[in-house]
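All chains, please: the whole structure from these sequences, using the hints.
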Amino acid sequence: MKIEFLSNSSYTPSDIATSSARTCYTSKGIVSPKDSSNWNRKEQLLIDLFKSGHHTTLQHSYITMMISGISRHLIWRLLHSHSFYNSEQVSQRYAKMSIEYTYIPKSGNSKEWKEFYNRKFSQYLQLIELLNEPIAKVLPKFRKRDSIKKAQEIARYVLPQGTTAYLYHTTNILTILRYIAVAPSIPEATEEAKEFANILANGLIQLDPSLKPLVESAKSEVVEFPDIDISKYRDRGIVFDVVGDLDFEIGNNYGGVMRNSQMVFDEGIIGGFSSYLKLSLSADAQNQRHRRTLSIRPALEKIFSEEFYIPPIFEEVPKAKEIYISSIEDSYHFFNQQREKIGFSEAVYSLPNSHLIEIVEKNDWSSFHHKAQMRLCFNAQEEIYHLIYKQVQTLREMKIRGAEKLLPPCGVRKELGIFPICPEGGRFCGVKVWKLPFSEYRREI
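Residues 1 to 445 in our numbering are what the sequence shown lists, from first letter to last.
Since the hints were derived computationally from the structure, they do not count as laboratory data.
None of these values were measured; they are calculated from a predicted model.
One or more of the hints may lead you astray.
[Stated by the list, open to error] Here are the simulated lysine-lysine pairs, DSS-like style, with alpha carbons at most 25 Å apart:
#1 K2 with K144
#2 K111 with K2
#3 K278 with K399
#4 K232 with K278
#5 K390 with K278
#6 K362 with K232
#7 K28 with K42
#8 K137 with K114
[Claimed, not checked] The following label-pair restraints were derived from C-beta to C-beta distances:
#9 H333 with T56: 32 to 38 Å
#10 K432 with T56: 19 to 25 Å
#11 I47 with S98: 43 to 49 Å
#12 Q44 with V223: 25 to 31 Å
#13 Y62 with T26: 23 to 29 Å
#14 R119 with Q44: 53 to 59 Å
#15 G426 with N336: 43 to 49 Å
#16 V223 with S122: 38 to 44 Å
All residues carry an ideal CB built from backbone N, CA and C; glycine is no exception.
What follows is the structure, given as structure tokens:
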């Protein structure tokens, strides 16, 4: 694993943190970071602020990191399981994956894991080849060149959680300290998480030696991963605990590409609903990107069952379905072997992207309106599209006022008279969805 900090500031995070704190208590104007750089009380003030819980001063400095060699599972479990980050990572939907980007647990047998990854990537490539032509047949003429990417999107379900990624990841100093504190407590990929935390800790201290006491404090923090009983939510359904409705104006703040509804709040933030969802690890990785949708994700060992998602396209391509199911069954077989040898936490890297998990999420109406737009678009990943469609369909069946306003971007923009109706440009899906009743939305892939 490699983490490179990108820093273009001439001031250290501790300079900025202490200067922002001093600014609160002076009548002489803003205290510049340069005024704290060599201030003799800087480090003492920094420690006092940290220990007393005045952590907003640590949120002025953001670090952009270039991370490579990190597993998809650790990204899902740690980096993207909260709201305080931004990431751009290599897409398994649009970039062809390569076997060189895999993680082998240190406690695992390297030969066994390499053979396992070889099988998975061989099956991945077979599926791409088998799916390419059937997918091309259902795409409009101007999108047929995209068939290979759609095939990759489907084939990626057989790839294991140990597939690694490279990404840009940006967050503030406080969140980085929380990563360091939380890493040892996460239930899967724990050893990798500790390695990640150590690299972060060393990187922070190298960037700004004044942060060392804060890093040491984060390392000594006692963190407990929540013990979540997901079973009590299973009968609640895909929509429950509904508060209020969408009986508020859906104007340009919701239809424009800037999504200003996420800043100019209205009644949409007051109500909302909760959902119990069963979805694949791959779909939840997409789901996490909606950072105002808060979710609980239990330790996988507590909810483990050999259940997996089968994309509908496989019903049209029996040979591909046979390879797909065989690949998933092989992954579970290997997982169970490794679980006995090295434990669940490390064996988790062999679980397929298609493995089904259970989560409970909470949406406010305003945030869900944005989420529904993004995921009801026919360009959205197919599995999460169907999940959001089911949520919206249920809200309509429950006769929640305003539920009919939950539409893809083209539907919202048509209602508001915003042009172009489809904001996707050359990525237009080929279907004039804005002309269809919601009940007639159909996706073949």
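Structure versus earlier hints, numbers of those that do not hold, lowest first: 1, 8, 9, 10
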